[in-house]
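**Q** Using the sequences plus the hints, can you model the full thing?
As they're listed, the protein sequences go chains A and B. Heads up: the first sequence begins at 1 in my numbering, then just goes up one per residue. Heads up: the second sequence begins at 420 in my numbering, then just goes up one per residue.
No lab work stands behind these hints: they were computed from the structure. The reader is advised that the hints may include incorrect statements.
[To be verified] Sample of chain A residues at the chain B side, in silico, Cβ under 10 angstroms:
no.	residue
1	42
2	49
3	53
[Claimed, not checked] Computed list of lysine-lysine pairs in BS3-like fashion (alpha-carbon distance at most 25 angstroms, straight line):
no.	chain 1	residue 1	chain 2	residue 2
4	A	237	A	411
5	A	237	A	182
6	B	727	A	356
7	A	172	A	182
8	B	727	A	351
9	A	287	A	43
10	A	237	A	407
11	A	198	A	172
12	B	485	A	406
Built from N, CA and C at the ideal position, the CB exists for glycine as well.
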Amino acid sequence: MKRLIYKSVMSEIQEFAGTGRFVLPLSQVGGVPLEACVGMDAKVERGQCIGRSDAPENAFFHSPAAGRVAALSTRVTYEGIAAATVEIEGDPSGAVETLQPIGQDIAELAAETIRERLREAGVSPLGGNGTNAVYASLRAEEDPPEMLMVLCADPEPLLQTQRHVLREAPEKVIEGATLLQKAVGAGRLVFAVSGDQKSLVSGETVEMGRRYPSGHPELLMARATGAYRLDDGRPRKDIYLINAETAMAACRAVREGMPVLDKTLTVGRDGDLAVVVRVPLGTPFSKVFGQMGLAVEDRDRVFTGGPLMGVAEFDPDAPVTKGTDGLFLQKAATLFGYEDAPCIGCGQCIKVCPMKIPVNMMTRNCEFGRIDEALAYDLESCIECGLCAYVCTSRRPLLQYIQFAKKEQEKAELARQSA
Amino acid sequence: MKENRLTVSVAPFWHSGAGIARNSYLGMAALLPAAAVGVMHYRVGALAVLGLCIASSMTAEALMQKIMGRPVTIGDGSAALTGMLLALLLPAGTPWWLVVVGSFCAIIVGKQIYGGIGSHPLNATLVGWVMIRISWGVHMDADAALANLPGFSGLSTLAALRGGYVDAVSLKDVMLGGVIGPIGSAGLLVLIGGLVLCALRLIKWEVSIGFLGGVLLGCVLFGSRILPPGSDASVNPLVMLFAGNVMLGAFFLAPDSTSSPSQPIAMWIYGFGAGLLAMAIRVYGHYYDAGVVFGILLVSLAGPLLDKIRPTARGRE
Ligand code: SF4
Ligand code: SF4
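**A** Have a look at this one:
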């Protein structure tokens, strides 16, 4: 069995910034969609605000390029939300229209001031697409969380994004994390790191192991607090989870007045090639692959996020968003297929499950929508790490069954509430 | 609108490469040395039983799946493995019609009527074996079946022990085959094949080790009772461990994925219980040659119940 080991492959972060069209769905992880505040054909500066909302948990959107608004449309995001979308034709390499930098000491800054700045500068949780909605959005809470946890290494093999960000500017990550801690009022600040990163951060750390899923956010949070929890589909109340890139964006927003205009992500062809790049938000996937000399062809698979928890994309021209941590191409010839086959009871899934779930019985019930039975077999403990499906001898699409059952349960819950 | 051209599916996008076919063929490969030694000792008679068993098992599977309108899956090797295991449990010289009947019983009654792989409560090979053992016992008696072959006469290992002829049993022959017994008598080679499968994490090793533990405990507790009353000879525990298909039982029959439990503690209890029961039947039972077979079958009945012993899931503590 191929072991799922975290490998660190460090290189320089490459910048891709050709002119062209940038497609910006105005939605964010953990927030409601925003409204566009520019009209058709309007001229925009690089860094100009183009989307806003009155909801306090929503950060604004800014234009990654200087140019004009070429279209206003609607896109369905991977979460199934129809979001207002601004499409901009322009050049992403010119000067940025920044906000006023704030130079005061963190001790002198009011939490409210930091929150307002993060909102104006578009600092919402970066990354995390597909990671089971565990990243918290940066709103002020009446009862503040115990802990702010900063993921400095990537949760899945293949991804190299966060470790590159940390190495690039560890002092900015630490300062940004401290600013965020103040903004949300968290009591403790904890950096989740891999063994080789310990010297880069200061303060409290929790260390992930060498093998997946030890870097899974839920497991790291459980280790830091000493408590597992049952999944209710929402971020943990007692912990704010963000990653290194979000912390760095917070630092730059406060100290340089820099809005969020680009995203760092690991890009590659699965199996033999992966580099870390920084691209303007809204860059189409096909263009990112094109820059690397990779062509997307019929029946290939494109996925965002990592290989175990990521999300497959159906549109090769879908844009990079604030949530995109990884972008990978699998050639059609290398794909394996799931099968509509019965479970043979080999027990491999039980051996790998980090949550000690009787996966064989649980998923048999999920498959046929027997939600109550699936719940009795610990459906709610599942953190959707995907390991069971990775090892399944029958190649059953176990994670699909699990996600299906969780959705069904959500629906039943809603129906119960409205009745 | 542009056409969708990409393949979409739910994660994970990687797979370990495990598969039913891989398990079956690697299982057969692990049995190959023992089968080869069987053929070396019992010559063409063994080869005929092996070939016929595998062929008729696959035929039965394909036929049954056709009749039931299901996809034909003989390519996954699971029927072939069942056939190979059945052959290794039969003596060379078993009449051809009995081989065919045994294979059909194994596949049809043992497996397909429950819905095929994944659904049968008992090990298919053992069901087939027991059905023909009970119905046509005379033809399955290794002493009798091998009597037609030149160079073989005497008693099977277990029969010799029950008769008190301890000196007639050679440990070397019991481990390397060549005794009066089924084709897969080379226990040492089966053990090596089984250990390889354990190392590759292809079988439930907890069941295997538990099984051997049960057998050993049985040996220690009441092993010497296999001798006739009044006999003052002693039985070498290694003989008990390698004779009578213990190794086939431990590594290839008891850990059968479908009919054994999957929870850690349940696997240990299951393996251990089957091993202990196998010894008890061998020592005290009428079907002493079938101790391993009946031991596993009986404990299988408790399999689903055993799987209720499971750890509390995380988040529920
Ligand atoms: S995805 Fe599978 S292996 Fe992972 S926690 Fe859920 S049931 Fe366990
Ligand atoms: S790994 Fe697949 S075939 Fe094996 S017990 Fe789990 S669900 Fe069943």
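**Q** Which of the numbered hints are not met once you compare them with the structure shown?
**A** Violated hints: 1, 2, 3 and 12; rest satisfied.
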